[in-house]
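K.L.:
Full structure from sequences and hints, please.
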Amino acid sequence: MKNQLASLAEIGRFDCIIDVRTPLEFAEDHIPGAINAPVLSNEERVLVGTMYKQVSPFEATKFGAALVAKNIAHHLQTTFADKPINWKPLIYCWRGGKRSGSMTAWFNLIGWKARQLEGGYKAYRHHVLEQLEKLPGRFDYRVLAGLTGSGKTRLLRALADCKAQVLDLEGIARHRGSLLGALPGETQPSQKSFDSHLVLALAQLDPARPVFVEAESKKIGLVQLPTAMMQALSSADCVRVEASLDDRVDFLCEDYAALFSEPEHFKNLLARLTELHGRQTVAHWHGLIDAGSKTELFRELIEQHYDPAYQRSSHGLYPKLPQALPFAFRPNAGDLAAEAKRLLALLAQQNSRS
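Residue numbers (my numbering): 697 to 1050.
Just so you know, these hints were derived from the structure itself, not from any lab. These figures come from a predicted structure and were not determined experimentally. Treat the hints loosely; a few may be bogus.
[As the list claims (entries may be wrong)] In silico BS3-like pairs for lysine-lysine, Cα to Cα no more than 30 Å straight-line: (1) Lys749 / Lys779; (2) Lys830 / Lys914; (3) Lys1016 / Lys859; (4) Lys794 / Lys784; (5) Lys809 / Lys758; (6) Lys818 / Lys859; (7) Lys888 / Lys749; (8) Lys809 / Lys784; (9) Lys830 / Lys818; (10) Lys915 / Lys1016; (11) Lys809 / Lys794; (12) Lys830 / Lys758.
P.N.:
This is how it looks when you write it as structure tokens:
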């Protein structure tokens, strides 16, 4: 079987990456681009594990082998039925054991040049953690900082449209990074999945070009930025994105409009601020939700919650913020590309003077 093993460094030479773990394991995290062809279902894996402990390892292995054979046969008749003889898949399970070994052996008997990932997902996860320590420090970041509602994410994406190099951390986290930042209809990735996609994004960046990134705290919703990423961002030069209060209120009214379609959920979110702002204030905000008073509510949240919180935390996280390049931005402007190009021109002027 040694000649049927492949290392992580060889991933690029395969036509397909197959994850044979259960759907639950796959959903938590997997190698980006992999497909799931489980040799045991979620329930079957639990059943085999129970037999292993309560009956005997032999009976569990025999029963599990029958299930694995049945499931591999099913995949051969469906998912892989049209694969040509020169197809080269890479197969992995949790740690490069019997699950991936079984499929690899059968595929090679058929005539495909299948290989088993040495060390399985466990080796891949170790690689991800190593890369999260190394990769963040390789780049020259430009951190877009600014008060809530100033449109930093819109500016970041406009910069990407102008072919600037960006790292969209909130896009990877599928969360806007604040109390109200959950995206409608979106579920955040697990921490492991976030880590995997962050490594993938970092690996695609060019160290010779600046990387624009939005200022973030340690947590974006339920996921955490790795320590090396936070350290790299905290030492980076900043751009202070500035917008008028009216523009910021209008921006939040548009960007967070979906919250008013679920008023009870919205109220529950704001109820988390009771300890900070008191029952009376939160009850008043609940009343504004009931009244549909978007403009008044978001103006008060900006003035009473978001801006004070930003002032308390931002300078500690980003020491270079006092020296940041100020950039007046209209987050609701029709031509965001023109705004992004204006920022790039200002930065070019600043670099030419330094």
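K.L.:
Evaluate each hint against the coordinates.
P.N.:
Outcome of the hint check:
no., hint, in the structure
1, Lys749 / Lys779, "39 Å, violated"
2, Lys830 / Lys914, "18 Å, holds"
3, Lys1016 / Lys859, "26 Å, holds"
4, Lys794 / Lys784, "20 Å, holds"
5, Lys809 / Lys758, "27 Å, holds"
6, Lys818 / Lys859, "36 Å, violated"
7, Lys888 / Lys749, "28 Å, holds"
8, Lys809 / Lys784, "5 Å, holds"
9, Lys830 / Lys818, "19 Å, holds"
10, Lys915 / Lys1016, "20 Å, holds"
11, Lys809 / Lys794, "18 Å, holds"
12, Lys830 / Lys758, "44 Å, violated"
Hint compliance for this structure: hints 1, 6, 12 are broken, all remaining hints hold.
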